[in-house]
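There are 2 protein chains.
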Amino acid sequence: MIINPLPRFEYLPADDIQTIHDYSLKLLAELGLEFLHPEAVALLEAAGAEVVDRETGHLRLPSQLVLDNIAKAPAEFTLYARNPANNVVLGGRNIVTAPMYGSPFVHSLDEGRRGAVLQDFKNFVKLGQVTPQIHCAGGTLVEPEDEPQDTRHLDMVYNLMTLSDKTFMGSVTSAANARDSIEMASLAFGGKEAIAARPVIMGLVNVNSPRRYDTRMLEALLEYSKARQPVIVTPFILAGAMSPVALGSTLIQQNAEALAGVALTQLVSPGTPVIYGSFLSNTDMQSGSPAFGTPESAKGLFVSAQLARRYHLPFRSGGGLTSSKLPDAQAAYEATMGFWPTFLAGTNFVLHAAGWLESGLVSSYEKFVLDVEQLRIMESFLTGIPLDEEGIAWDAHVEVPPGGHFLGAEHTMRHFREAFYRPLVSDLTNYERWQQKGALSADQRASRLWKKWLMDYEQPPIDPALDEALRDFVSRRKEEINAAV
Amino acid sequence: MIINPLPRFEYLPADDIQTIHDYSLKLLAELGLEFLHPEAVALLEAAGAEVVDRETGHLRLPSQLVLDNIAKAPAEFTLYARNPANNVVLGGRNIVTAPMYGSPFVHSLDEGRRGAVLQDFKNFVKLGQVTPQIHCAGGTLVEPEDEPQDTRHLDMVYNLMTLSDKTFMGSVTSAANARDSIEMASLAFGGKEAIAARPVIMGLVNVNSPRRYDTRMLEALLEYSKARQPVIVTPFILAGAMSPVALGSTLIQQNAEALAGVALTQLVSPGTPVIYGSFLSNTDMQSGSPAFGTPESAKGLFVSAQLARRYHLPFRSGGGLTSSKLPDAQAAYEATMGFWPTFLAGTNFVLHAAGWLESGLVSSYEKFVLDVEQLRIMESFLTGIPLDEEGIAWDAHVEVPPGGHFLGAEHTMRHFREAFYRPLVSDLTNYERWQQKGALSADQRASRLWKKWLMDYEQPPIDPALDEALRDFVSRRKEEINAAV
Chain A
741 MIINPLPRFE
751 YLPADDIQTI
761 HDYSLKLLAE
771 LGLEFLHPEA
781 VALLEAAGAE
791 VVDRETGHLR
801 LPSQLVLDNI
811 AKAPAEFTLY
821 ARNPANNVVL
831 GGRNIVTAPM
841 YGSPFVHSLD
851 EGRRGAVLQD
861 FKNFVKLGQV
871 TPQIHCAGGT
881 LVEPEDEPQD
891 TRHLDMVYNL
901 MTLSDKTFMG
911 SVTSAANARD
921 SIEMASLAFG
931 GKEAIAARPV
941 IMGLVNVNSP
951 RRYDTRMLEA
961 LLEYSKARQP
971 VIVTPFILAG
981 AMSPVALGST
991 LIQQNAEALA
1001 GVALTQLVSP
1011 GTPVIYGSFL
1021 SNTDMQSGSP
1031 AFGTPESAKG
1041 LFVSAQLARR
1051 YHLPFRSGGG
1061 LTSSKLPDAQ
1071 AAYEATMGFW
1081 PTFLAGTNFV
1091 LHAAGWLESG
1101 LVSSYEKFVL
1111 DVEQLRIMES
1121 FLTGIPLDEE
1131 GIAWDAHVEV
1141 PPGGHFLGAE
1151 HTMRHFREAF
1161 YRPLVSDLTN
1171 YERWQQKGAL
1181 SADQRASRLW
1191 KKWLMDYEQP
1201 PIDPALDEAL
1211 RDFVSRRKEE
1221 INAAV
Chain B
741 MIINPLPRFE
751 YLPADDIQTI
761 HDYSLKLLAE
771 LGLEFLHPEA
781 VALLEAAGAE
791 VVDRETGHLR
801 LPSQLVLDNI
811 AKAPAEFTLY
821 ARNPANNVVL
831 GGRNIVTAPM
841 YGSPFVHSLD
851 EGRRGAVLQD
861 FKNFVKLGQV
871 TPQIHCAGGT
881 LVEPEDEPQD
891 TRHLDMVYNL
901 MTLSDKTFMG
911 SVTSAANARD
921 SIEMASLAFG
931 GKEAIAARPV
941 IMGLVNVNSP
951 RRYDTRMLEA
961 LLEYSKARQP
971 VIVTPFILAG
981 AMSPVALGST
991 LIQQNAEALA
1001 GVALTQLVSP
1011 GTPVIYGSFL
1021 SNTDMQSGSP
1031 AFGTPESAKG
1041 LFVSAQLARR
1051 YHLPFRSGGG
1061 LTSSKLPDAQ
1071 AAYEATMGFW
1081 PTFLAGTNFV
1091 LHAAGWLESG
1101 LVSSYEKFVL
1111 DVEQLRIMES
1121 FLTGIPLDEE
1131 GIAWDAHVEV
1141 PPGGHFLGAE
1151 HTMRHFREAF
1161 YRPLVSDLTN
1171 YERWQQKGAL
1181 SADQRASRLW
1191 KKWLMDYEQP
1201 PIDPALDEAL
1211 RDFVSRRKEE
1221 INAAV
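Chains A and B supply the protein sequences, listed in that same order. Residue 1137 in our numbering sits at position 397 of the first sequence, and the numbers go up by one each step. Residue 990 in our numbering sits at position 250 of the second sequence, and the numbers go up by one each step.
Among these hints, one or two may not hold up.
No copy labels: a pair is met if it fits in one copy or bridges any two.
[What the hints assert, rightly or not] The list that follows gives simulated cross-link-like pairs (lysine to aspartate or glutamate, EDC-like), each with its CA atoms no further than 16 Å apart:
1. K1191 <-> E851
2. K1218 <-> E1139
3. K932 <-> D1135
4. K966 <-> E933
5. K1218 <-> D1203
6. K766 <-> D1135
7. K1218 <-> D1135
8. K966 <-> D886
9. K1192 <-> D850
10. K766 <-> E1129
11. K766 <-> E790
12. K966 <-> E779
13. K966 <-> D808
14. K766 <-> D1207
Simulated from the structure, these hints should not be mistaken for laboratory data. None of the values given here were measured: they were computed from a predicted structure.
All chains should be built: construct the whole structure from the sequences, respecting the hints.
Right under this line is the structure:
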């Protein structure tokens, strides 16, 4: 967990935030949303929603319904980890990161691009575990194509829970898969009542923008909310396709969609933890391709954070997104174009913080390392500038004459070891030394590092009884699922 | 010129800025600086400076001397270009960029790294001329090793003035070279009296940190100030070597050095334009190498800008700095780590905005293109979010039902052409299309672009009489200089 003591950067003035807020409520009240799940419709209708079309679940949501319910959500909450040292607080000035989520492919310099398998999934759990700048092990790190689709959620949750002792995310691909994930979590944390009081597993619920929550996503939202486990409600918007080609209008839509989902979690279970999410970039209107690291996504991130703060909700966004097919200069500058707004906006949960490549289709081993370097730089950027006696270092100025140098000064001797950022993968040596070392590019150096990190990885201790209980659960459920097919 | 309408990001609270200010004045008053030029010493002594050592020009500067004189400098000024459309205002909310300055080497993918020649210099003038995001043609774009050292300033200024019609910078390598530069500028802009009223050529004056202005830099400062041409006073500090290993202490020293130089320009010529400059990064204390794109440089940039604002002085800093030897991921993320603070801090003059590689030893053709992409993204980021009728696009929300898409909406038809950022070098296509196009990395695509830009370049029109006068001046001075050798 990183603490961000800096002031927040306010991209839009308060009047404009008010305008977006007002139009969002108008959109919910006048045009409404579809909820493709009868239980969600029943909950919202009982709370005062007007049914436009029962078959499609199209509802209009009165403003008071929305405002009253989002007010019940906590401004921050603790997510508990198997190792208490890895507990995180979501909300406030905290920043919690997780690796890339959901890619069907992986990329490495050695193997190029190929379908992801369970071994890749395990590798990325391990890389997250050994990286101090990754605070949440994540969820669907990759989609392991070598495991059957119906049961792979069990393998994923098992590996997250046993190869890592950090916080993690569960499956959202169906009600049953969500329940499986929550049950496995409850095995490790004292049962369902215990985790209802102390949440331990998060579910990522995307909106099918524009203005539709589909059956699968509502199943997950309902299961996680009933178990009082945190839901990350995230409109997934590529502006121009899933929203208008205007950023202001897109933010209005995103805010309406997010608030509707947050309100629903509170109707299910008042006070249950929920995160206001944003995944906002734009379509390239020439090619129809998604674009990442764009000025629109940077602006959108700052304003989304302003809105989440207005509602006193923890905020999820950001990450090292890029459209690049390689861990090259484009991948690096697009990622950095995301990291700066992520950190300056006051983002609380950063999914896709390491590894994202090729518009989210690929999880890249080298990009993971390059992103970690950036997370370390941003973390160091937040540490402030001490102006105490050692920070002012008057003695050094007295000691070193004009035209001298400070390398041998007493103050330098006292502080040179911990002074200044020390890079992981950036090469600072001169040209000759760099040539002697093989004239490697940054991605080639990153390639060496992730292999070293996998070698360095040690499995965190786990109670054998818990491991056995988890294995039993996975075996039993696999049998049940395979029998049902 | 880019306008930055956003709020400034204040990294340090006002109390800490006051502390840095107070210690800077204490450093000037109690420990003092060396000025290795009798004319500078005489000016400062007459104004009340206390001579510590006349031989080394070591002076103590009373606070009032400094504060009274920096108050005489203008908060902003216009720098005039040969094409009035390219005039720029330095100060206020404006951002003016110039390419990399001072590299002895160039790098391209085709040729690798080699010594820079005059043709490279011309190429970078041309690349700056065709790039809308470059507002000042720059100065010593590269050091052309194929031209004699004593006369190459004449070739550089001639090419800046004739291949470009943007603003430019002159030589600072000696009093005579500074005078040559100013005289050439005066030929194009109506003579010395005219340019004294309307400045046209800037001089970059670095401090030999710690606390020394050397003879060469003071010669330049005196010549430019006497001609009332803008001086960019820039302490060049790699913390840990040229300043203490503490960032706060480094900012105190930098501020003291900058204020002393600014005050001196006003003693030479009250009201003459001057820019508060910062070039602040840190030494890697393990290797002794300079480090760029570091958290320390980002923090330092924000605080330096806060200080310049306090004194109502235009501010110079930033750029796409990197230690990388290649235009790779490291080069890209280190550059972006500089561009974000540059733009959010309210920097007015951005030297090294495009092309910088290898800790400043190399000007890279591909990096130039990659940096221009970043400048374009940052420029677009500053444009705000309109919330007028077309920005809110209510009609699009009414038109598109839940679960629909906006690609065919009327609002989209009206705006898709100008909507969203369009990249230069970033590839947004999918994997298959990218493969069909040759599977190029970002630096390879950049390699194609700079060659195209050089092909597209057209020399801006120039009065033949002016061109002849400049050529005559260059020939005459070369003869004089060669005769004197």
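- Task: Taking the numbered hints from earlier one at a time, note which ones the structure violates and give those numbers from smallest to largest.
- Result: 2, 3, 5, 7, 8, 13 and 14
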